[in-house]
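> Chains as they are written, first to last, in my numbering: chain A, 1 to 206; chain B, 1 to 206.
Bear in mind the hints are in silico, worked out from the structure with no lab data behind them.
None of these values were measured; they are calculated from a predicted model.
Glycine is no exception: its CB is placed at the ideal position from the N, C-alpha and C atoms.
Any given hint could be a false lead.
[Unchecked claim] Chain B side only, calculated, beta carbon under 7 Å to chain A, not exhaustive:
hint, residue
1, Val11
2, Pro15
3, Arg76
4, Lys79
5, Trp84
6, Leu94
7, Ala97
8, Gly103
9, Gln156
10, Val166
11, Pro178
12, Val187
13, Gln190
14, Gln199
15, Arg200
16, Met201
2 protein chains.
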Amino acid sequence: MPGSAVPDIVVGRLPLYLRALSQMAASGKEITSSQELGERLGISSAQIRKDLSQFGEFGKQGTGYNISFLVDQLRRILKVDQVWDVALIGVGNLGRAIAHYAGFVDRGYRVVAVFDNDPAKIGTQLGPFTVMDVTHLVEEVRGRHIGVAMLAVPAQDAQLVTERLVQAGIRAILCYAPTSILVPPTVHVQYIDPVLHLQRMTYYLG
Amino acid sequence: MPGSAVPDIVVGRLPLYLRALSQMAASGKEITSSQELGERLGISSAQIRKDLSQFGEFGKQGTGYNISFLVDQLRRILKVDQVWDVALIGVGNLGRAIAHYAGFVDRGYRVVAVFDNDPAKIGTQLGPFTVMDVTHLVEEVRGRHIGVAMLAVPAQDAQLVTERLVQAGIRAILCYAPTSILVPPTVHVQYIDPVLHLQRMTYYLG
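Assemble the whole structure, with the sequences as input and the hints as a guide.
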């Protein structure tokens, strides 16, 4: 079955393709090629063709890819032909920036609930959200059938909150806390820690 | 020569090891093993031993790793036994969160200059920084010998600012703009786009 055993490294490139193709579509472009897409992304055209071929036949030799068709297919494959409800935990500087970020919704995600443990923040308004007490996380997340969470709490609180998220039925966690969290094998985790990326670059600098 | 031809995927794991070991050190721990480190990170102990062996002999069979020694070695390897000056471009919600983030300096980086193109922001105070006009970016970055940049501008401005950063001698760019940027082969780029990470997870969800 297509897609059943695709390596995660390939899955990780699909969002890059979708982002670039969506930008092409927004600029009014209708057709592209694996060469053109590859130049934009710094990925070889052969790699792109090979990655996409794992999911079906999306272009014809010599005529290239129909951009809006390929965008639709990638959105379906990545399950962002729907909008996922997201819980945000932690409304420090970073959490507030996330809550205000307008770039999620047209790419498949919308923050629908915001939590913190600080009595000074609980009950306050953050854009369209009222900050909720993190002690109510399990019932709120479960009651609203929220499947995805963004974790923007300090490192020392990350594991405790993670356990509540797991208990609440969360299946994917984007962890901004600069630490590793432990989850059952059924829960997906991705990390964002800018320092990890910076160190990966300065390794190469003199 | 050790370190001369280490795969980038290995380089990318070293910051994870350093982060976990630094946390162990901060909690007063002195010795660890590849098993213990692996459990904390969800990486096999064999992988950790293999990765570290590319850079030297850091532990003895049966006695484990001396944490503070290994932290020092990893800091040296990743070139964060010094502090890198960083320019931040773009002070929207995300840029402001970055400017206020306290977690950079003890891990090898400090923001020293902040730029925007909005007349309403230029000249205003952002924590310890006065926001500078991005049209002065090249002279400021070059004059201060800043080598690293964090790019938190809208997608449509990213390439233009990138060209200025390259012209100014920047050698590593952490790109928060949700788009791909083109740089000469001598310049390193890493990307942070939360949606790419979210899509990589929801692919697996029903």
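> Taking the hints in turn, state whether each one holds.
How the hints compare with the structure:
1. Val11: 5 Å, holds
2. Pro15: 4 Å, holds
3. Arg76: With Cβ-Cβ at 11 Å, over 7 Å, it is violated.
4. Lys79: 5 Å, holds
5. Trp84: 6 Å, holds
6. Leu94: Holds, because the Cβ-Cβ distance from Leu94 (chain B) to chain A comes to roughly 5 Å (cut-off 7 Å).
7. Ala97: Check passed: Cβ of Ala97 (chain B) comes within 4 Å of chain A, closer than 7 Å.
8. Gly103: Since chain A brings a Cβ to about 6 Å from Gly103 (chain B), closer than 7 Å, the hint holds.
9. Gln156: 9 Å, violated
10. Val166: Violated. Min distance 14 Å.
11. Pro178: 6 Å, holds
12. Val187: 9 Å, violated
13. Gln190: Nearest chain A Cβ about 4 Å off; hint holds.
14. Gln199: For Gln199 (chain B), the interface hint holds, since the closest Cβ of chain A sits about 4 Å away, which is under 7 Å.
15. Arg200: 5 Å, holds
16. Met201: Hint holds; Met201 (chain B) Cβ to chain A Cβ min 4 Å, cut 7 Å.
Checked against the numbered hints given earlier, the structure breaks hints 3, 9, 10, 12 and satisfies all the rest.
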